[in-house]
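Let the hints inform the model, and build the full structure from the sequences given.
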Amino acid sequence: SQQGEEDPQALSIQEGENATMNCSYKTSINNLQWYRQNSGRGLVHLILIRSNEREKHSGRLRVTLDTSKKSSSLLITASRAADTASYFCANSGAGSYQLTFGKGTKLSVIP
Amino acid sequence: DAGVIQSPRHEVTEMGQEVTLRCKPISGHDYLFWYRQTMMRGLELLIYFNNNVPIDDSGMPEDRFSAKMPNASFSTLKIQPSEPRDSAVYFCASSRRLAGVGGELFFGEGSRLTVL
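These protein sequences, in sequence, are chains E and G.
Counting in our numbering, the first sequence runs from 1 upward without gaps.
Counting in our numbering, the second sequence runs from 1001 upward without gaps.
I should point out that these hints are in silico values taken from the structure, not numbers from a laboratory.
Check the hints yourself; a few may be wrong.
[Unchecked claim] Restricting the straight-line Cα-Cα distance to at most 20 Å, the calculated cross-link-like pairs of lysine to aspartate or glutamate (EDC-like) are:
(1) E:K106 - G:E1109
(2) E:K103 - G:E1044
(3) E:K56 - G:E1104
(4) E:K26 - G:E1044
(5) E:K106 - G:E1044
(6) E:K103 - G:E1104
(7) E:K103 - G:E1109
[To be verified] If you want the footprint, here are the derived chain G segments under chain E, 3+ residues with CB under 8 Å:
(8) 1040-1048
(9) 1088-1102
(10) 1106-1116
[Said to hold, decoys possible] Chain G is nowhere near these chain E residues, computed Cβ spacing over 12 Å in every case:
(11) D7
(12) R54
(13) S73
Bear in mind the structure is a predicted one, so any value in this text is a computation, not a measurement.
Yeah, the Cβ is synthetic: ideal placement off N, Cα and C, and Gly gets one too.
The structure is reproduced here in structure tokens:
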């Protein structure tokens, strides 16, 4: 299975702190994407990192990719209560053009 | 753009009944996906279409599930007969390109199905 796994499953931090979520996957990939899901809502695309990239930034988000370790991390800096959501990594494996999602990290940011 | 539109948002039905979930993708998106989300299994891809044609339905759990896309602006996922284990949130998503070539998915708000 290409399903990725996020770590930790749940994370609780204070507003203003940084939040780091990790993702591991099993096979070689074309790219890896991160999505956010607010409670009771659909998933929203955050950022995509290609297999030949090591780091990417978007606003308060920083994503890293280590293809040798088959892992990625998502860092949210200066977290806000509005960042409370579940975060999913999804990979597109080499030879497959579809996205396979992990089970997500549930982030709670306490005001 | 209105985004991906799904209906109904909530459906409660009894075992054995037929369930039809509907989806309107974003105009201009050539790919449409149906996913199912449960606590136990996470997000599972059920089927996807390219230009209204089903490409991969290997994720459809059983013959009780069927999906159609009669035109570029409408798709249905049907479960007949429904069973309690079908209870889940069903998401429709669309994209301009496949993820393998850098496409990102745009999700609807989901249809929460409860089968009693």
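The hints, checked one at a time:
1. E:K106 - G:E1109: 18 Å, holds
2. E:K103 - G:E1044: 10 Å, holds
3. E:K56 - G:E1104: Holds, at about 16 Å.
4. E:K26 - G:E1044: 17 Å, holds
5. E:K106 - G:E1044: Judged against 20 Å, a Cα distance of about 18 Å means the pair holds.
6. E:K103 - G:E1104: 18 Å, holds
7. E:K103 - G:E1109: With Cα atoms ~18 Å apart, K103 (chain E) and E1109 (chain G) stay inside 20 Å; holds.
8. 1040-1048: Holds: 4 residues of the stretch 1040-1048 of chain G have a Cβ under 8 Å from chain E.
9. 1088-1102: n = 7 at 8 Å, threshold three: holds.
10. 1106-1116: holds (count 5)
11. D7: 14 Å, holds
12. R54: 17 Å, holds
13. S73: 19 Å, holds
The structure is consistent with each of the numbered hints, conforming to all of them.
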